[in-house]
Amino acid sequence: MSQALLELRDLVVRFPLGPRNWRGRARSMVHAVDGVSLRIERGESLGLVGESGCGKSTLARAIIGLVRPDSGSILLDGQALHALRGQAARLARRRIQMLHQDPYASLDPRRTALQSVVEPLAIQRLFKPRQRRLRALLLLDAVGLDPLAAGRFPHEFSGGQRQRIALARALALEPELLVLDEPTSALDVSVQAQVVELLGDLQRRFGLAYLFISHDLALVRHLCARVCVMYFGRVVESAPRDELFAQPAHPYTRMLLDCAPLADPVFERSRRAMLVWGEAPSLAQPPSGCAFHPRCASRALVARDRCSREQPPLLTQGLRARACFLPDDAPSDQRPP
Amino acid sequence: MKVLEVKNLRVRFDTPRGRLQAIDEFSLELEAGQTVALVGESGSGKSVAGQAILGLIPRPPGVIETGEVIFGGQNLLVAPAEQLRRVRGKQIAIVFQDPLSALHPLLPIGLQMSEVLEVHEGLSRREARRRCARALGEVGLSDPEQRLDAYPHELSGGMRQRALIAMALLCNPKVLIADEPTTALDVTVQVQILDLLRRLQEQHGTAILFVSHDLGLVARIADRVQVMYAGRVVEVADAPDLYRRPMHPYTLGLLASVPKLSRARELRLLPIPGAPPDPLEPLSGCAFAPRCTFVQKRCVEERPPLAAIARNVSDVVLVGGRRSACFERERVGRTVELPGSLPAGRQDAR
Chain A
0 MSQALLELRD
10 LVVRFPLGPR
20 NWRGRARSMV
30 HAVDGVSLRI
40 ERGESLGLVG
50 ESGCGKSTLA
60 RAIIGLVRPD
70 SGSILLDGQA
80 LHALRGQAAR
90 LARRRIQMLH
100 QDPYASLDPR
110 RTALQSVVEP
120 LAIQRLFKPR
130 QRRLRALLLL
140 DAVGLDPLAA
150 GRFPHEFSGG
160 QRQRIALARA
170 LALEPELLVL
180 DEPTSALDVS
190 VQAQVVELLG
200 DLQRRFGLAY
210 LFISHDLALV
220 RHLCARVCVM
230 YFGRVVESAP
240 RDELFAQPAH
250 PYTRMLLDCA
260 PLADPVFERS
270 RRAMLVWGEA
280 PSLAQPPSGC
290 AFHPRCASRA
300 LVARDRCSRE
310 QPPLLTQGLR
320 ARACFLPDDA
330 PSDQRPP
Chain B
0 MKVLEVKNLR
10 VRFDTPRGRL
20 QAIDEFSLEL
30 EAGQTVALVG
40 ESGSGKSVAG
50 QAILGLIPRP
60 PGVIETGEVI
70 FGGQNLLVAP
80 AEQLRRVRGK
90 QIAIVFQDPL
100 SALHPLLPIG
110 LQMSEVLEVH
120 EGLSRREARR
130 RCARALGEVG
140 LSDPEQRLDA
150 YPHELSGGMR
160 QRALIAMALL
170 CNPKVLIADE
180 PTTALDVTVQ
190 VQILDLLRRL
200 QEQHGTAILF
210 VSHDLGLVAR
220 IADRVQVMYA
230 GRVVEVADAP
240 DLYRRPMHPY
250 TLGLLASVPK
260 LSRARELRLL
270 PIPGAPPDPL
280 EPLSGCAFAP
290 RCTFVQKRCV
300 EERPPLAAIA
310 RNVSDVVLVG
320 GRRSACFERE
330 RVGRTVELPG
340 SLPAGRQDAR
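Chain order of the listed sequences is A and B. Residues 0 to 336, numbered by numbering that gives the first Met the number 0, are exactly what the first sequence covers, in order. Residues 0 to 349, numbered by numbering that gives the first Met the number 0, are exactly what the second sequence covers, in order.
Chain A extracted, bound-state conformation:
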């Protein structure tokens, strides 16, 4: 295989939980990300889907260096990110940028739009101050913001416009990979559509790779060529977009697809009450075996104690991978006993 732009190998991020003992160590640890391996190729858009608490945001934060992984490695062009120091680390950081969820929180309220976009260039000591401003204005223009408004402060912009400013700021260093953590969930639908279309255009224009994190399957389908589904800190299924949506292979993916609302009252009315049980398990008390087994609609088809005893490994088959003991051709809708 050729070298991926970004590769995660068996990444683990843990957080301490509960009271600490006299040495300042926590009694127990929560595995927010529990052995995730994935690759993102140059110019590829990978969607990462899962419910809240499944570790998708922690994964994003680990990739851009906001949290330190406990084990495993993050390779950028084959080079381990956390092994880099000094100048090399700074150069590597330039290549991965992040767009955060909430544009009301991610911009400094005391900086103008222009200052916010200039800042990363200044930190990386790129260009002369005058050129920085010029570049920032071009960027603001590229994300569809009137450069004449560049002197305004965040509170003078709407949510969608703020997200555009944040996007211009993320693009300032000409990254190769943009990590997008629910970039539109704070926006209204009509504005969300504007930002999504903009993201698509920018990707084509600059050849960016995206790691697009979302809980909205329809949105991921719209923007991403490949999709990874995470549950409880692990990847449970990954596949090219069309295959995943045409034939979801993991019962959890099926459940998510079944839940996704369709803007279609006729169909919604005709479908029966949902086959969904319970909520994502508490991180403090991980279920034994496959983390999904207490909610799984199909587990009756497998020897049941296997799901509750063993953790299914993520097995790759061609372009797809999934972590489930079910036979491949298992029917999708089985009520549990």
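Derived by calculation from the structure, the hints in this document are not laboratory data. Idealized CB from N, CA, C, for every residue including glycine. There could be a bad hint or two in this list.
Here are the in silico distance ranges between beta carbons for each label pair [said to hold, decoys possible]: (1) B:269 to A:118: 31 to 37 Å; (2) A:17 to B:67: 54 to 60 Å; (3) B:129 to A:69: 45 to 51 Å.
A few chain B residues facing chain A, derived, Cβ under 7 Å [what the hints assert, rightly or not]: (4) 40; (5) 186; (6) 238; (7) 260; (8) 282.
Computed footprint of chain B on chain A; a stretch qualifies when at least three of its residues, placed anywhere within it, have a C-beta under 8 Å from a C-beta of chain B [said to hold, decoys possible]: (9) 177-191; (10) 214-224; (11) 244-256.
Fit chain B to the supplied structure of chain A, relying on the hints for placement.
Only chain B this time, still in chain A's reference frame:
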């Protein structure tokens, strides 16, 4: 049977920056067992409308300029406080968006719930507790007896929202106002909550006013939809009609903005250009005109009234009181029939 009627409601807020017309000419009819959805983006006035019905608008800065909220033969807007208290929570209940801030963090769930019954039905604490446990069981919480002693922070978001719904339904209200009840929740939990609301509605014949910005969710629960824009109702229709043949350009824009699961690649999203108007700026003409692709000269000068639509538009017979506030509504209705409103769309998604 009509249980709630709102007529020509106007609410404004006097802010330091000027007068903000939150809702204008807002009307609504709700029948027993029916679900009406108020759909709109943030700032469209949908939540204000829901809260005004129960007299929950803080005054000042809020001012209710005109309008009537007719429930049980009386106008709630002028009813004395004592009488309003007897309606609130007992006959009309509300479920708020954020269950964590709607619950008292320092009191166990059971205590907060049983208070409702003690106040409205004069039950003893023990009897109230029994009813609460049953209500929690009904909304699908396991071990309801033990849950009564749990504090809000000990429950997950979905469980808190269920507890709030159980609390709202304790007195079998005739009307339930659900103000974005699932916004903070995961899709899997959203679906469960919606199905729960639908099931409880069938059991008790409750009328639901469902306030939401999410057209996907609304499709799942609503019988009738009122679309709001800039404080006004711009379109009213039965849900299937609205989704299949929107007759206001804003509704059309909203529907085209929603990413679809079934046919994502073939179709670009068609965002509505621009942003909603500043509510502090007085408008002449149609508030949507600056963003509208159907705009005519007349739209800028004159405000289109929310008018009934002829029953027959290009071969499609439309049933049941459709209204649209657009001069060009017939042209909008003729332009598109949105695909995807067929179950087949779902099949190719799978």
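Hints versus structure:
| no. | hint | verdict |
| --- | --- | --- |
| 1 | B:269 to A:118: 31 to 37 Å | 34 Å, holds |
| 2 | A:17 to B:67: 54 to 60 Å | 55 Å, holds |
| 3 | B:129 to A:69: 45 to 51 Å | 49 Å, holds |
| 4 | 40 | 4 Å, holds |
| 5 | 186 | 5 Å, holds |
| 6 | 238 | 4 Å, holds |
| 7 | 260 | 5 Å, holds |
| 8 | 282 | 17 Å, violated |
| 9 | 177-191 | holds (count 5) |
| 10 | 214-224 | holds (count 7) |
| 11 | 244-256 | holds (count 7) |
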